[in-house]
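*Asks:* What follows is each chain in one-letter form.
Protein chains: 2
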Amino acid sequence: MVKLKIPDHQVAGHQAKTGIIGPLIDDSGKFYKPLQDDERGSNELAFYTSLYSDPRIPSNILKFFPSFHGTEVVDASDGSGLHPHIVLEDIVSNYTNPSVADIKIGSRTWHPQSSEDYIRKCLQKDRETSTIKLGFRISGLRSMGPTNQLWQPHRKVLMDLSAEDAMLILRKFVSSDGNVDEPDCVFASRVFVHVLEELLELKKWFEVQTIFHFCSCSILVVYDKEEIEAKKSARAVVKLIDFAHVVDAKGAIDHNFLGGLCSLIKFVKDILAGLSDVETSNPKP
Amino acid sequence: MVKLKIPDHQVAGHQAKTGIIGPLIDDSGKFYKPLQDDERGSNELAFYTSLYSDPRIPSNILKFFPSFHGTEVVDASDGSGLHPHIVLEDIVSNYTNPSVADIKIGSRTWHPQSSEDYIRKCLQKDRETSTIKLGFRISGLRSMGPTNQLWQPHRKVLMDLSAEDAMLILRKFVSSDGNVDEPDCVFASRVFVHVLEELLELKKWFEVQTIFHFCSCSILVVYDKEEIEAKKSARAVVKLIDFAHVVDAKGAIDHNFLGGLCSLIKFVKDILAGLSDVETSNPKP
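Chains as they are written, first to last, in the working numbering: chain U, 268 to 552; chain C, 268 to 552.
Hint data in this document are derived by calculation from the structure and do not stem from the laboratory. Being a predicted model, the structure only gives us computed values, none of them experimental. Hints may be right or wrong, so weigh each one.
Copies of the same chain look alike in the list, so a pair counts if it fits in one copy or across any two.
As the list claims (entries may be wrong) - Straight-line distance between alpha carbons at most 25 Å, and here's what the computed SDA-like set of lysine to any residue pairs gives:
1. LYS270 x LYS536
2. LYS517 x GLY541
3. LYS330 x GLN416
4. LYS536 x ARG323
5. LYS506 x SER347
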């Protein structure tokens with residue numbers, strides 16, 4: 268049986284600790300997500316199964332999803348015994364010191380078919396966080412410098428961000444050290460130029476796709492500072508994750524996800540535009 | 268004092284009838300909207316005042332708003348005496364037999380600063396109508412043929428449309444007679460090609476503007492079948508109306524309006540694409 272361990276770099280979602288079942292990873296780049304007992308589990312499994320067999324999904328869009336390796340029954344992280352897991356690509360497995368941002372997209376995290384109780388809970392959280400204001404919320408984020416400057420703001424800090432706060436957090440995410448007040452944004456152009464390309468590619472698809480509505484789904488941005496510094500070819504990766512609340516689009520585009528995605532795109536564009544301003548006002552000798 | 272009358276062609280919103288105060292028009296192309304007593308009235312007035320004095324609004328965007336002529340105290344439509352009114356452009360005044368669609372944009376018609384009671388009411392309506400599903404709802408619509416075939420579906424019919432229903436309604440809106448089951452879409456290309464251009468111009472602005480969030484605002488589409496048939500130059504007009512619930516954007520784009528706008532754009536594009544399909548499969552002799 269493969270030896271599984273608790274991932275080091277998770278920034279959001281259910282995390283494995285004593286008494287709580289969470290995801291596991293192996294050393295071959297696979298991520299084991301506990302299959303939730305309720306419809307969330309079956310829904311996410313059905314999503315992955317349909318995604319990789321649906322000819323309507325263009326191949327340039329499939330790259331945004333973690334690869335899927337079926338399900339496997341393995342020992343649960345909490346020691347409670349065998350439990351079915353969805354086996355996915357471990358997105359951060361190729362990185363030594365990944366910087367990771369988990370951004371939940373959309374100004375509504377629930378869909379109309381959900382239970383009243385679930386809608387009430389989600390709506391409250393959407394109003395307490397930046398979800399309704401910004402069209403997204405940063406669920407978790409860490410930035411890791413080559414000399415181990417870890418910066419990982421507490422989830423509570425990330426909850427209710429104003430536009431200005433979110434801008435600062437995202438700028439810190441692409442700086443050499445997020446702990447300092449004035450972020451240097453030295454990784455911004457290397458990371459966000461490519462992230463922007465990826466987000467614009469996703470946007471193009473979301474403007475036309477009437478297959479899925481992605482409720483409560485996140486965009487994961489991962490990059491490695493050391494790699495970016497060392498190699499010209501190193502780039503950030505952008506992935507979609509968390510599909511427990513994906514529903515049939517019923518003929519309409521996913522205007523909720525698309526609106527939030529456009530909002531995030533505006534932030535990334537503004538950060539990049541800010542860089543050129545600085546470069547223009549401080550020309551290199 | 269100018270002689271005012273109740274407009275003939277209104278399809279949505281508060282309508283003047285006995286005992287209820289509603290808008291009035293004069294014969295010089297002005298629309299008198301009763302100033303609501305509560306913050307909705309002062310909010311809409313403040314919006315129009317700021318709109319036409321804000322240098323950040325590009326001139327190509329100002330054309331989407333009704334022109335604004337201040338306020339005037341006139342006899343209310345319900346005979347209750349003098350009442351202040353916002354004086355606006357009467358968008359349909361130049362048309363003999365206007366076909367009109369009023370489409371409330373966005374999957375959320377309330378903003379977080381609203382009262383709990385107001386949010387509860389809006390949310391219920393958003394869930395009961397197509398607002399959450401489609402990102403917009405058709406609040407009212409009439410199509411008027413040159414030989415007086417009026418088609419004006421009841422508001423209740425328009426409430427909870429599926430994507431398929433909304434598509435049919437929008438196709439009927441640009442057909443010679445909306446009352447028949449199989450719409451001929453004879454006005455679709457003449458009307459919707461231009462409407463699409465206008466919506467795409469709006470979309471471009473909504474992708475970047477962080478000035479206003481337009482909650483519960485409508486897009487009004489107006490055209491005249493007789494004019495379209497008679498003149499090559501006749502075109503549909505696209506306007507934004509109803510600004511009682513516009514709020515400060517606080518640094519984020521209006522992802523809620525933008526998402527709904529993109530959803531409407533997809534419908535219009537699909538209708539136009541359907542036309543080319545028919546033209547391709549039924550080539551003219």
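*Asks:* My question is about LYS506 and SER347: at a cut-off of 25 Å on alpha-carbon distance, are they close within one copy, between copies, both, or neither?
*Replies:* Neither: 31 Å inside a copy, 61 Å across copies.
*Asks:* Can you give me the call for LYS270 and LYS536, within, between, both or neither, at a CA distance of at most 25 Å?
*Replies:* neither (42 Å within a copy, 52 Å between copies)
*Asks:* From the Cα coordinates, with 25 Å as the cut-off, is the pair LYS330 and GLN416 best called within, between, both, or neither?
*Replies:* neither (31 Å within a copy, 52 Å between copies)
*Asks:* If the cut is 25 Å between Cα atoms, do LYS536 and ARG323 qualify within a copy, between copies, both or neither?
*Replies:* between (30 Å within a copy, 19 Å between copies)
*Asks:* Go through the copies and call it for LYS517 and GLY541: within, between, both or neither, with a Cα cutoff of 25 Å.
*Replies:* between (40 Å within a copy, 18 Å between copies)
Going through the hint list in order, the structure does not satisfy hints 1, 3 and 5.
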